[in-house]
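Student: The lines below spell out each chain.
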Amino acid sequence: MYFDSLSDLINMGGHGLYVWSSYAITLVLLTSSILLPWLNLKRTRKQLSRQIAREAANSR
Amino acid sequence: MWNWLKTLYHRLGSPKWFYQITSKWLPWFVGSSLLLLGLGLVLGLAYAPMDYQQGNSFRIMYVHVPAAFLAQSVYMMMAVAGIVLLVWKMKMADVVAQALAPIGAIMTFISLVTGAIWGMPTWGTWWMWDARLTSMLILFFLYLGVMALREALSPQETAAKACALLAIVGVINIPIIKYSVDWWYTLHQPASIKLTEKPAMPASMYLPLLFMVLGFYALLGWSVLLRARAEVLRREAKSGWVRELLKDK
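So the sequence lines, in the order shown, correspond to chains A and B. Numbering follows the working numbering, with no gaps: position 32 of the first sequence is 32. Each position in the second sequence, counted from 1, maps to that position plus 1000 in the working numbering.
The set of hints was computed from the structure by calculation and includes no laboratory data. A couple of the hints might just be wrong.
[As the list claims (entries may be wrong)] Dumping the calculated DSS-like pairs for lysine-lysine here, alpha-carbon to alpha-carbon at most 25 Å:
{"no.": "1", "chain 1": "A", "residue 1": "Lys42", "chain 2": "B", "residue 2": "Lys1161"}
{"no.": "2", "chain 1": "B", "residue 1": "Lys1178", "chain 2": "B", "residue 2": "Lys1089"}
{"no.": "3", "chain 1": "B", "residue 1": "Lys1161", "chain 2": "B", "residue 2": "Lys1016"}
{"no.": "4", "chain 1": "B", "residue 1": "Lys1091", "chain 2": "A", "residue 2": "Lys42"}
{"no.": "5", "chain 1": "A", "residue 1": "Lys46", "chain 2": "B", "residue 2": "Lys1089"}
Let the hints inform the model, and build the full structure from the sequences given.
Tutor: Listed below in structure tokens is the structure:
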């Protein structure tokens, strides 16, 4: 590791707040750009299969 | 090679084939994005040496540069998809274009926000109306415009054509972003890394950046495939293969 201690890593010579907040915001946004489409895909599959089942029941 | 490309093109035009093949591609995108981003994050935060001018704030580069890079690259992809839709009427191109817009907007937003945070310790200000920053803000609004247009217009075919047109016209902004640091006086530093030259920094500094850029690309693929797959199912809901696929689930 480049830093001598964990507190050095967190503090980053006074730039810690800037660096860590940038990384945190990026991680949150990247995670949401996977999580939201994934949930949407699951919801779409469920909705469509329910619709298909309903139509099959109606046509019988 | 040419024939192979032609076959691939025709297959990609088929929603069913797209849905099937992407379920095989997905795990690769998932695995490589997790691996590369994990590696890049740890190396960039804790192992890269400090920049002698900017101190540790330069570590913001490892999230800022890939995001800014992809923001532009995704826009170009969206414009290419637009051309494919308008010229060859390939409907799958529109599905991909639709899936690209939100992640492009997110990338632009990340680059703007992390750039502002980086600006504070480096320039002493969050924001300046200079060429690079303003043209990136315009890129963000272009993405929002494309997404709003999609929502506002119907039927779907009209919306698709309008989005494609806006995406293509907006490409004019991309060279402006790229050369803004050379054409105008600006606070923003010029590119730190060029594809054609050996980087002027040690490997311990540029390797994390390389991992992050590749990781961002993999995550882009992952996100786009998820969105495109859902959209394919919605658009093809009436077709036989979707009914077969979702019949007993």
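Student: Hints first: check each against the structure and report whether it holds.
Tutor: Taking the hints in turn, this is what the structure says about them:
no. : hint                     : verdict
1   : Lys42/A with Lys1161/B   : violated, 28 Å
2   : Lys1178/B with Lys1089/B : violated, 31 Å
3   : Lys1161/B with Lys1016/B : holds, 22 Å
4   : Lys1091/B with Lys42/A   : holds, 23 Å
5   : Lys46/A with Lys1089/B   : violated, 30 Å
Hint compliance for this structure: hints 1, 2, 5 are not met, and every other hint is.
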